[in-house]
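Chains A and B are the protein sequences, given in the same order. Just so you know, the first sequence maps onto residues 1 to 804 in my numbering. Just so you know, the second sequence maps onto residues 1 to 126 in my numbering.
Hints should not be assumed to be uniformly reliable.
Okay, derived cross-link-like pairs now, DMTMM-like style, lysine to aspartate or glutamate, Cα gap no bigger than 25 Å in a straight line [claimed, not checked]:
id, chain 1, residue 1, chain 2, residue 2
1, A, Lys-625, B, Asp-101
2, A, Lys-625, B, Asp-89
3, A, Lys-558, A, Asp-619
4, A, Lys-160, B, Asp-101
5, A, Lys-326, B, Asp-101
6, B, Lys-68, A, Asp-587
7, A, Lys-625, B, Glu-34
8, B, Lys-108, A, Asp-647
9, A, Lys-160, B, Glu-124
10, B, Lys-108, A, Asp-619
11, A, Lys-160, B, Glu-115
Restraint ranges, calculated between C-beta atoms of paired labels, are given here [stated by the list, open to error]:
id, chain 1, residue 1, chain 2, residue 2, range
12, A, Pro-711, B, Glu-41, 48 to 58 Å
13, A, Asn-642, B, Glu-115, 13 to 23 Å
14, B, Glu-118, A, Gly-159, 41 to 51 Å
15, A, Glu-566, B, Glu-92, 46 to 56 Å
16, B, Glu-92, A, Gly-132, 53 to 63 Å
17, B, Thr-87, A, Pro-711, 18 to 28 Å
18, B, Pro-90, A, Gly-346, 45 to 55 Å
19, A, Arg-257, B, Pro-33, 53 to 63 Å
20, B, Glu-118, A, Asn-642, 18 to 28 Å
21, A, Arg-308, B, Glu-92, 15 to 25 Å
22, B, Val-39, A, Leu-654, 43 to 53 Å
Everything labelled a hint here was simulated from the structure, so no lab data went into it. For glycine and all other residues, C-beta sits at the position ideal for the given N, C-alpha and C.
In case you want the letters, here they are:
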Amino acid sequence: MPDNLDLKKPSDSSVTRRDFIKIGATAAGVGAALWAGSRLQKGSGVSSGPAGGAAIAAQSMEESLVRTACAMCPAGCGLEVRVVGGKAVKVEGNAIHPLNQGVCCLKGQASLEVLYSPERIRNPWRQLGARGSGDWEEISWDEAIDLVVEKLVALRQAGKPHSLALVHGELRGEMRGLVNRFMQVYGSPNTISTSSLGEQSVRLASYLTQGVNGLPVYDLNNASYVMAFGGNLLESSRHVISYLGSLAFMRRGRPQRGKLVAVHPRLSLTGIKADEWVPIRPGTYGALALGMANVIINSNLYDQDFVRDFTFGFEDFEDAAGNLHKGFKSLVLERYTLERVSAITGIAGETIARLAGEFATNRPAVAMLPTEPGELGSGNSLYSAMAIHSLNALVGSIDAPGGVLVQRYPTLAEWPEISLDGTALTGLGQPRIDGAGQADIPLALSALQQLPDRILHGEPYPVEVLLLLNANPVYDLPQGGRTAQALLQVPFVVSFASTLDESAAHADLILPASTFLEVWGDDFMEGTGYAGVTLRRPVVETLHNTRDPGDVLLALAKHVGGGLAEALPWKSYWELVRYRLSAIDTDWEIFESNGNWSEMVYFNASPGSAAWNRVVGRDRRLSPKDGRYDFFSRELYSLLANPRDEDCLPHFELPATLEDVGEFAQEYPFLLVSQALITQSQHWQGVVPTLQEAYGLQSHARWTSWVEMNPQAAEALGLEENEVVWIESQFGRVQAPVRFYPGLWPNAVFLPAGLGHSSRVKWGRGSPEALVVGVNPNVLVHMQSELLSGQAAFNPTRVKIYKA
Amino acid sequence: MATAWKVWLCLLAIFIVALVSFGQPNATVRALPEYSAQVGEPCATCHVSPSGGGPRGPRGTAWVASSKPGAVPDLLQALEILGVRLTVDPLEYRAVTQEIDSAAAPEKTSIPSAELLEYLRDYEGN
């Protein structure tokens, strides 16, 4: 009789040897799991920094939990990465991090795919053939650094340090300070950020009205009424995870439930989860805000004490010379009647009136501004942002519980004094290559969208060396292929890309960046209001021959020498970070162990308190720091030559794109709108398979683009669901299957962003190396600059749709 | 009979291991209504959620860190216990009865645009 049948026989015998092994193995397994869980909970495996010994777990099967800061999006959550035998195997949220409190979104979960991506560039590359040919050779770091240093030294010797330009995307912690310092001491004014594609106008609106040079954060935990104008609050806002927690608490975690209203042409996940979605004609958020202000003022529902004592320019006023000026109240009551605003926005007058009434009577209420690319990019972003923000002042929600907070930051050790030599001073005296701050865009902090044309025209002077740090302008702003041409015109282009993105493909040299899971650094905690810092630390040894761009910049400074080496004396980026953080009065061991430090509590400044001037008027340069919120921007009045009153007040101008008349509007009847998704990865992350598998959470589309259309519009064109169509603008066309989506403004169409990368797919479901996943909607747009702010204006773009 | 014995043996083994593992001194502490009765304060004093459970706020964290005394420390005491050295003076944030400045009308002042933008680009934070 076979042995295996023996086990099935009824038996009254004692425990067999096999039973014993089974029980023992079960108990041991459970025990091991519980022991491991207990041990990991204690954080006993948390690694110490370089000063404390080995940075990571040894290559045994030792397990550890390493706390670090996420960089998959700007939220900056705390992570706990489980490392086994030197391999990162699982990512979760850091339970003692104030922002995410243990929560980890799917992006964070997928970050190991970025770390272990086969798309990563493993060594410095030099392009041998023509730029863009893909003829690369691997070189050593010493060779690569020498190549860059040679160019930088030559530029300075030629008295042309301003011919160096650095384009950067999101920079975290000390990295922005390092970059700015590097460029300043070298002598170039051309540190160009991607902010003009995203949050620039919001920052300026905060400065021009509230007098605070920062992005507002919102106290959703204590708000009773939250109105999100544009953006995708629960998917892609700067503080998405903390806001998710706050909104859940606001609506389900406290006795009195708050209300969330989402205003957008498209019903996103935010709109779906909101109490109310308000569909609006694209590009008209500012008009809605002013229409609501009209109702609130007309009904005397505004906070009259606050407006009287702590704002400026609400009523008409006389200046020192006795000239009468129009105030916000007069402008709004005259120009933004319900009828007019309803006609502009497409929202029924009674809906606007109801929203205004709800907003003003359910305090604390807060109106939120979007910071995602394109959300305010209709050519009226600055005044729209000022209009939306003014709603907060009307109801007294400035630095009030449940209102707008002013993000605080820790006091750090001072940067060492710098001395600028004559070459640097000459270079810094030159105009910026992107035109920011000049002519029609005097308030532009950056104007990246102008860079390609200005490089191609050699205006105001040729760019000799271009550094690309966490930026991919060829993808972000193709400008009909001119950005790629512009890169080819620059004699020497260096990219810090970690995968071969479209811009890196046009570079001479790639200095591959390590991922955020391999480096030391810091990250300012933003979104809570109170000051805090999250530590970034390597969870594994650097997988490839890559480096932290911070270390590379310091190495370049050292080799260029002179004032640059003196200004940046640190041997490593981590040493720099440690120096800066040394001023924080806390126990460093606890700081390291927790992975973060924060003040834990936000103190709201009561109007009129000693601290009030830190939350209103703090950063003004041209107008009084008198603790008054400016409905009439005194900064703008001072800055602009011969301003009209309206130039200093929030107002609304209809973007030309929205004029539904004329041949152009007939030929291109649809409005292409953008909205960032939670599944969208950043350029340096390459293709992330898990995010691709979930890309269209609403449309169920995966590994592809799709175009959403309102079913009525689609049927009018005779289209069928999933039929492949062309989406064509004046500037280009792309193909995608059409999805019928009733949650879309009637003549709007939506294409997801973040797809269509053309140079780098090496993994994923059955994808050959050259496969392009989806299409890049940016090829359909041409970015222009909004007057005054320099914000890129491109949303919506008019398109037509027809069968492929 | 033997099957039952095996099951009992298995359960016993799991129980013993679980007992040892969860008996660790820093095992997770659960929210308990009796704590609220003990200190005479609502759950929201210690927890983010008013119904208790889940993440603790600073006061709750400090109360646990100080071995659960009879009273929950107030906010400033809690921050001290947790080693948080505030960089702000909370008193400055409270309302005062000082005179409210009258609004200053706008004036034309000048500053080089480049200087203003350099100032604005030098913001705090990420």
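Okay, the hints, checked on the actual structure:
1. A:Lys-625 x B:Asp-101: holds, 10 Å
2. A:Lys-625 x B:Asp-89: holds, 21 Å
3. A:Lys-558 x A:Asp-619: violated, 34 Å
4. A:Lys-160 x B:Asp-101: violated, 50 Å
5. A:Lys-326 x B:Asp-101: holds, 21 Å
6. B:Lys-68 x A:Asp-587: Holds, because 23 Å separates the two Cα atoms, which is no more than 25 Å.
7. A:Lys-625 x B:Glu-34: The hint is violated at about 51 Å.
8. B:Lys-108 x A:Asp-647: At roughly 14 Å apart (the allowed maximum being 25 Å), Asp-647 of chain A and Lys-108 of chain B satisfy the hint.
9. A:Lys-160 x B:Glu-124: At roughly 30 Å apart (the allowed maximum being 25 Å), Glu-124 of chain B and Lys-160 of chain A break the hint.
10. B:Lys-108 x A:Asp-619: holds, 17 Å
11. A:Lys-160 x B:Glu-115: Cα-Cα ~21 Å, so holds.
12. A:Pro-711 x B:Glu-41: 48 to 58 Å: The hinted range 48 to 58 Å holds for Pro-711 of chain A and Glu-41 of chain B, with Cβ atoms some 55 Å apart.
13. A:Asn-642 x B:Glu-115: 13 to 23 Å: With Cβ atoms ~21 Å apart, the hint holds.
14. B:Glu-118 x A:Gly-159: 41 to 51 Å: violated, 22 Å
15. A:Glu-566 x B:Glu-92: 46 to 56 Å: violated, 38 Å
16. B:Glu-92 x A:Gly-132: 53 to 63 Å: Given range 53 to 63 Å: holds, Cβ gap about 58 Å.
17. B:Thr-87 x A:Pro-711: 18 to 28 Å: violated, 56 Å
18. B:Pro-90 x A:Gly-346: 45 to 55 Å: Between Pro-90 of chain B and Gly-346 of chain A, where Cβ atoms are some 47 Å apart, the hint holds.
19. A:Arg-257 x B:Pro-33: 53 to 63 Å: Violated, since Arg-257 of chain A and Pro-33 of chain B (Cβ atoms, about 23 Å apart) do not stay within the stated range.
20. B:Glu-118 x A:Asn-642: 18 to 28 Å: Holds, since Glu-118 of chain B and Asn-642 of chain A (Cβ atoms, about 25 Å apart) stay within the stated range.
21. A:Arg-308 x B:Glu-92: 15 to 25 Å: Holds, since Arg-308 of chain A and Glu-92 of chain B (Cβ atoms, about 23 Å apart) stay within the stated range.
22. B:Val-39 x A:Leu-654: 43 to 53 Å: violated, 59 Å
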